[in-house]
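Colleague: Chains A and B, in that order, are what the protein sequence lines are.
Position 5 of the first sequence, counting from 1, maps to 5 under the numbering used here, and the rest follow consecutively.
Position 114 of the second sequence, counting from 1, maps to 225 under the numbering used here, and the rest follow consecutively.
Note that these hints are calculated values from the structure, not bench results.
Any given hint might turn out to be false.
Restricting the straight-line Cα-Cα distance to at most 35 Å, the calculated cross-link-like pairs of lysine-lysine (DSBU-like) are [stated by the list, open to error]:
id, chain 1, residue 1, chain 2, residue 2
1, A, K56, B, K124
2, B, K124, A, K70
3, B, K168, A, K57
4, B, K168, A, K56
Where chain A lies over chain B, by a calculated footprint (3+ residues, C-beta under 8 Å) [said to hold, decoys possible]:
id, segment
5, 130-137
6, 217-223
Built from N, CA and C at the ideal position, the CB exists for glycine as well.
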Amino acid sequence: TQLLEQSPQFLSIQEGENLTVYCNSSSVFSSLQWYRQEPGEGPVLLVTVVTGGEVKKLKRLTFQFGDARKDSSLHITAAQPGDTGLYLCAGEKDSNYQLIWGAGTKLIIKP
Amino acid sequence: KAGVTQTPRYLIKTRGQQVTLSCSPISGHRSVSWYQQTPGQGLQFLFEYFSETQRNKGNFPGRFSGRQFSNSRSEMNVSTLELGDSALYLCASSLVDSHNSPLHFGNGTRLTVT
Numbered sequence: 001t002q003l004l005e006q007s008p009q010f011l012s013i014q015e016g017e018n019l020t021v022y023c024n025s026s027s028v029f030s031s032l033q034w035y036r037q038e039p040g041e042g043p044v045l046l047v048t049v050v051t052g053g054e055v056k057k058l059k060r061l062t063f064q065f066g067d068a069r070k071d072s073s074l075h076i077t078a079a080q081p082g083d084t085g086l087y088l089c090a091g092e093k094d095s096n097y098q099l100i101w102g103a104g105t106k107l108i109i110k111p
Numbered sequence: 112k113a114g115v116t117q118t119p120r121y122l123i124k125t126r127g128q129q130v131t132l133s134c135s136p137i138s139g140h141r142s143v144s145w146y147q148q149t150p151g152q153g154l155q156f157l158f159e160y161f162s163e164t165q166r167n168k169g170n171f172p173g174r175f176s177g178r179q180f181s182n183s184r185s186e187m188n189v190s191t192l193e194l195g196d197s198a199l200y201l202c203a204s205s206l207v208d209s210h211n212s213p214l215h216f217g218n219g220t221r222l223t224v225t
């Protein structure tokens, strides 16, 4: 059972376009993390959001945690080829502190 | 500071064999977690070690085991390999424990079972 659903699974767009990817669940998480994984490498943590409604910005990337702490979104403005990668979200539940991972959104930015 | 190092990077094994993967965490990190990554399935948690003790375990069969040494280096072992064990195995270290400090991942060991 996939507790965290990421959509879309795959996205290919042109450089300069904007995009949003989603991470949804019916469960409440105490915090949610976003990672980017490039081919041949391990995931790298981008951001952690912990408060419902929280918005964090990392240059052209904007992360939002849903008010009910069940979902999150990642918006990229003016995407660049360097943004290409697999974007993973991972939620932490208070009950056992294990991270629950989504299957990821594979993003390709074409020059 | 050196990152998390996993060896080997690639492995090809046949069904029924066993395999040992190694992970050296970032210096000073005491927690090591192992994950299995397959396309479309995301990261599946295998286990977490802290100070040589297994602190958490995922829902994998007993063929998957691990250990941590006094220097925090960790190994995982898979016995009686099956075709479905083909995956990228990722190790991540953190300073204290995986839910209070960020995870730092290695580049993984890609295991192919034929």
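Colleague: Can you tell me if the segment 217-223 of chain B counts as covered by chain A, using C-beta to C-beta distances under 8 Å and a minimum of three residues?
Modeller: holds (count 3)
Colleague: Three residues minimum, CB to CB under 8 Å: does the segment 130-137 of chain B make the cut for coverage by chain A? Let me know.
Modeller: Check failed, 0 qualifying residues.
Colleague: Run the distance test for K56 (chain A) versus K124 (chain B): straight-line Cα separation, threshold 35 Å.
Modeller: Judged against 35 Å, a Cα distance of about 44 Å means the pair is violated.
Colleague: Is K168 (chain B) close enough to K56 (chain A), meaning Cα to Cα at most 35 Å?
Modeller: holds (32 Å)
Colleague: For the pair supplied as a hint, K168 (chain B) and K57 (chain A), confirm whether the alpha-carbon distance does not exceed 35 Å.
Modeller: Roughly 34 Å separates the two Cα atoms, so the pair holds.
Colleague: Would you mind confirming whether the straight-line C-alpha gap from K124 (chain B) to K70 (chain A) stays at or under 35 Å?
Modeller: violated (41 Å)
Going down the numbered hints, you'll see the structure goes against 1, 2, 5, while the others check out.
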